[in-house]
Structure formats: structure tokens, C-alpha cells
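If you want our numbering, it's the 1-based position in the sequence shown plus 11.
If you're looking for bench data, these hints aren't it; they were derived computationally from the structure.
Model, not experiment: these values are computed from the prediction.
Some clues are possibly wrong.
As the list claims (entries may be wrong) - DEER-style ranges, computed between Cβ atoms:
1) Asn279 with Ala112: 53 to 63 Å
2) Glu294 with Ala112: 47 to 57 Å
3) Phe409 with Glu273: 35 to 45 Å
To be verified - Cut-off 20 Å, straight-line C-alpha distance, at most; resulting in silico cross-link-like pairs (SDA-like, lysine to any residue):
4) Lys113 with Lys164
5) Lys492 with Leu398
6) Lys283 with Arg325
7) Lys164 with Arg153
For glycine and all other residues, C-beta sits at the position ideal for the given N, C-alpha and C.
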Amino acid sequence: MFQQNEPVAPHLFVVMGGTGDLMRRKLLPGLFFLSSKGFLEKSVILGVARDTDLNDEGFRTWAREALTEQRFSAEELGPWCDCCLHYQAVGGGSDGFESLAKRIEDIERAHGLPGNRTFYLALPPNAFPPTIRHLGEAGLNRSRGWTRIVVEKPFGRDLRSARELNQLVHEHFEESQVYRIDHYLGKETVQNLLVFRLANQIFESLWNRDRVDSVQITVAEDLGVGSRGRYYEQAGAIRDMVQNHLTQLLTLVAMEVPVVFEADAIRNEKVKVLQAITTPRLEDVVFGQYVRGALNGQGVAGYREEDHVAPGSRAETYAALRLEVDNWRWQGVPFYVRTAKRLARKSTEIAVIFRRPPVCFFQEHDPCDVESNVLRITLQPDEGFSLSFEMKAPGDPFSIRTQQLDFDFKEAYDALPEAYETLILDILQGDQTLFVRSDEVEASWNLFSPLLEEDMPISFYEAGTWGPREADHLLEREGRKWLNG
């Protein structure tokens with residue numbers, strides 16, 4: 012993270028699930044972009060999947076088609092695909108992984124590679140354990156160079172399964188080899204959050220319970236579950252978004268200043284935040300589910316009408332929580348987090364709401380109508396920062412108005428790297444700053460697993476709105492409100 016963009020060491024990048032959707036949409040474009048920019052001077056990619064009818068040439072044809080569907084031209088793809096892409100079919104048993112080990116050695120010998128390897132598990136979660144076990148048993152957890160393994164989220168589905176998966180990983184790989192990936196942490200604005208806080212004393216000096224009234228973290232999606240109904244029936248919003256994405260954002264906002272700027276120092280502080288959060292009370296949690304409504308003037312189906320969703324499903328498509336970080340810096344400051352499908356618009360935002368002035372100085376002119384200063388950090392769709400402040404409107408009568416200072420990344424820079432491009436480069440450079448450590452995973456699940464064991468009530472909300480009324484009450488009872496604008 013924030014390293015000089017120098018070429019990484021020659022290596023073999025092995026994608027387990029090499030013909031899947033993640034490879035097609037994110038990994039393959041990311042690898043090609045990094046190669047085209049000179050970051051991967053001698054990188055060879057091996058796609059691994061079950062299709063026994065596919066060979067190297069067929070895989071290269073598939074890759075060209077996938078890349079031309081995006082932002083790349085066929086002319087620039089040809090040489091890269093021909094020299095850098097290979098394919099290996101592997102079944103579910105250990106014999107297939109022994110064949111994989113031999114194929115890897117053959118490719119490394121042919122390309123003169125030193126034995127540096129990355130194994131990226133672009134697989135369904137139920138395939139993680141057998142794949143990790145077979146890699147270890149085939150001796151692919153070690154090589155004459157470095158070996159790294161990348162595991163996509165979700166990492167477990169509760170505290171017990173996360174501990175079991177961590178134990179299995181550690182039977183075959185050292186923690187220093189493991190990269191648990193959360194693509195939200197690869198977004199430019201998330202990375203800049205640390206710089207924004209720690210390089211600007213004007214903000215870090217205010218970053219505490221004396222100056223901050225509350226914090227809101229929102230990950231709102233306007234889409235429904237679409238074709239993911241079967242998955243969402245088993246996951247729900249807590250497993251899909253809260254335990255990982257929202258919690259990661261919260262820890263970066265709330266953590267203390269690290270002793271040094273390096274991966275373990277930052278991750279230590281993130282774990283301390285999780286350990287300081289008290290398990291949310293049931294009255295501080297709202298679960299919801301969208302019903303038929305309208306979005307952009309078009310009628311949309313309710314969750315229970317989606318494909319592969321049970322008619323009486325109780326899966327939550329909306330989750331809002333009030334959390335408290337019980338430490339010296341944040342004592343008494345509520346952190347409100349929410350995520351949902353089918354809200355009014357797509358938005359991922361962190362809002363730090365500062366305290367109002369302690370005395371209503373302007374009451375004779377405009378009775379106590381002074382708003383809180385709000386720092387809004389937007390991750391999507393338009394990455395940037397904004398800070399609201401109060402000022403007198405010109406002329407008479409005396410009137411106070413809220414104005415904005417805005418910074419838009421797209422206006423300041425020609426292009427922002429995709430999250431996966433950033434994360435792939437970090438993996439290959441051996442930088443674990445933006446990846447989740449084993450104790451961090453377990454501390455997060457420890458917070459939310461109790462909620463999954465409760466029979467939580469479901470509040471319904473119309474698609475195209477900002478969620479159930481009960482979520483508004485979560486803040487209104489303390490004199491606050493969600494920032495939906």
C-alpha cells in the first residue's frame with residue numbers, strides 16, 4: 012500500500028476457478044492492466060478449473076473474448092495472451108493437485124521463473140477447505156521462492172466456521188503467506204482515509220469524543236439480489252456486507268494512530284477497535300426486507316418474488332446497527348452502520364458528524380438553527396470528500412446557510428485504479444496492509460454471530476425508499492437522523 016510502483020519479482024499467478032465470473036470480470040482485466048503498465052514484467056498466469064475439454068489455446072481464446080468485452084483492444088491482447096496464459100484442468104481429488112504441481116514446475120522451467128507463486132482462490136466458499144487441504148498435501152504451500160494464498164470473502168459464515176477455516180489454513184500456510192481479500196479496502200478513497208486523518212492535523216486533532224457527535228457508515232445498493240437469490244437466502248446482509256465491508260470501514264475510521272506505517276501495526280490497531288466494540292443489544296439492531304416498490308419510475312419486485320427465494324423467507328436484505336467503541340477516544344460516540352438492497356440510490360459513504368457549538372450564539376437572529384459540520388467520505392459512485400460548514404448568507408435579514416467544500420477524485424486525477432488492480436499489486440509486492448488477519452476475522456465474527464443465532468424480527472420496506480421506519484427510530488430516539496442526501 013502506497014509503495015513505489017516498481018515491477019514485482021517474476022512469478023506464477025495461479026487462479027483456482029480460472030474460468031469463473033471473478034476471473035472474467037476482475038482478475039484477468041487487473042492482471043492485464045498491470046502487465047501493460049510494466050508492473051508485471053515477467054508474470055505468467057495459470058488458470059485452473061474442472062473443464063477437461065479446455066486447453067491452453069482454448070483458455071487464451073476465452074480470455075481474449077473476456078478482455079475485449081471490457082476496455083481492451085484485440086490488437087494489444089494477442090501477444091500477452093499467447094505468452095502469459097496457460098490452463099490446467101483439475102478435478103476434486105488429490106491426484107489432480109499432484110498433476111497441477113507437475114504442471115507448475117514445467118511452466119516455471121519453460122519461462123525461467125524462480126519459484127514465486129500466488130494461489131488465488133476465486134471459488135465458492137464451500138470449495139475453500141478442500142482446495143487449501145489439497146494444495147498443502149501436494150506440497151504447493153512451499154517453493155524455492157515465495158508462496159502466497161489469496162482467499163476471497165466470505166471467510167466463514169459464523170465464529171465457529173471462521174475459526175475452523177483459520178485452523179485449516181494455518182495447518183498448511185503461515186499467516187505471512189495468507190491474504191484474506193476484501194475488495195472495499197482496495198478503493199482509493201479507503202486508502203486515502205488514513206492519509207486524510209494522519210497527514211492533516213486539522214482533522215486528527217478533532218477525531219475523538221470531544222468533537223465528534225456520531226459516525227454513520229452506509230453501503231446502499233439500488234439493485235435487488237437478481238440472480239443471487241440462492242446465495243442471499245443463506246447469507247443475508249450481516250454475512251454478505253456487515254461482518255466484512257462495513258466492519259473494515261469502521262475499524263479504519265476508529266483506530267488509533269499506529270506506531271509505524273506498516274501492515275502489522277495498522278492491523279493491530281484495527282483489531283483493538285473490534286475488541287473494544289460491545290456486542291450490540293437487540294434493541295440497537297434493525298433487520299429489514301424489501302417488498303415491491305418503484306425505482307426510477309419503474310416498478311420492481313419484492314425480495315420474496317425474486318428467483319430462488321423462499322415465499323416466506325426471513326433473510327434480511329437490510330441491516331442497521333448502533334455500535335459503541337468502548338475506549339478512551341470514542342466513549343459515548345455512537346457508530347451507526349447500515350447496508351441494504353433496493354434502496355433509493357447506490358451510495359457508499361462514511362459521515363463523521365461533529366458536535367454543534369455548545370452555546371446558541373445567534374439565537375436573537377436565527378433561533379438556534381446551526382447545523383453540525385459533517386465530513387462525508389464517499390467511496391461510490393463518485394469517490395471524494397466533502398465538508399459542510401455554516402456561513403451567513405449575503406444581505407438581510409440575518410440568515411445562516413450550510414455550504415460545502417468538495418473534492419472529487421475524478422476531477423483531480425485522470426483515472427483511478429480499480430480496487431482489484433491495487434490489491435493484486437499489493438499481493439505480488441508482499442504488502443498485507445489492505446488484507447485481513449486471522450484474529451481480525453474472528454474478532455469481527457465474535458461481534459455479529461450472536462445476532463445470527465437470534466430470531467430477529469423483520470421490518471419490511473418498499474423498494475426505492477431508504478429502508479424501514481424502525482431504522483429511522485434507531486437514531487430519532489437520540490435526536491439524530493440518517494443522512495440520505
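Verification of the supplied hints:
With their beta carbons about 36 Å apart, asparagine 279 and alanine 112 fall outside the hinted range of 53 to 63 Å. With their beta carbons about 54 Å apart, glutamate 294 and alanine 112 fall inside the hinted range of 47 to 57 Å. A hinted range of 35 to 45 Å for the beta carbons of phenylalanine 409 and glutamate 273 is inconsistent with their spacing of about 52 Å. Proposed proximity of lysine 113 and lysine 164 is contradicted: the alpha carbons are some 29 Å apart, above 20 Å.
Between lysine 492 and leucine 398, the direct Cα distance comes to roughly 18 Å. Compliance with the 20 Å bound is thereby established for this hinted pair. For the hint pairing lysine 283 with arginine 325, the CA-to-CA distance comes to about 33 Å; that exceeds 20 Å, so the pair is violated. Taken as a hint, the lysine 164 and arginine 153 pair is broken in the structure, with Cα atoms around 24 Å apart against an allowance of 20 Å.
The structure fails hints 1, 3, 4, 6, 7 (numbered hints given earlier, in ascending order).
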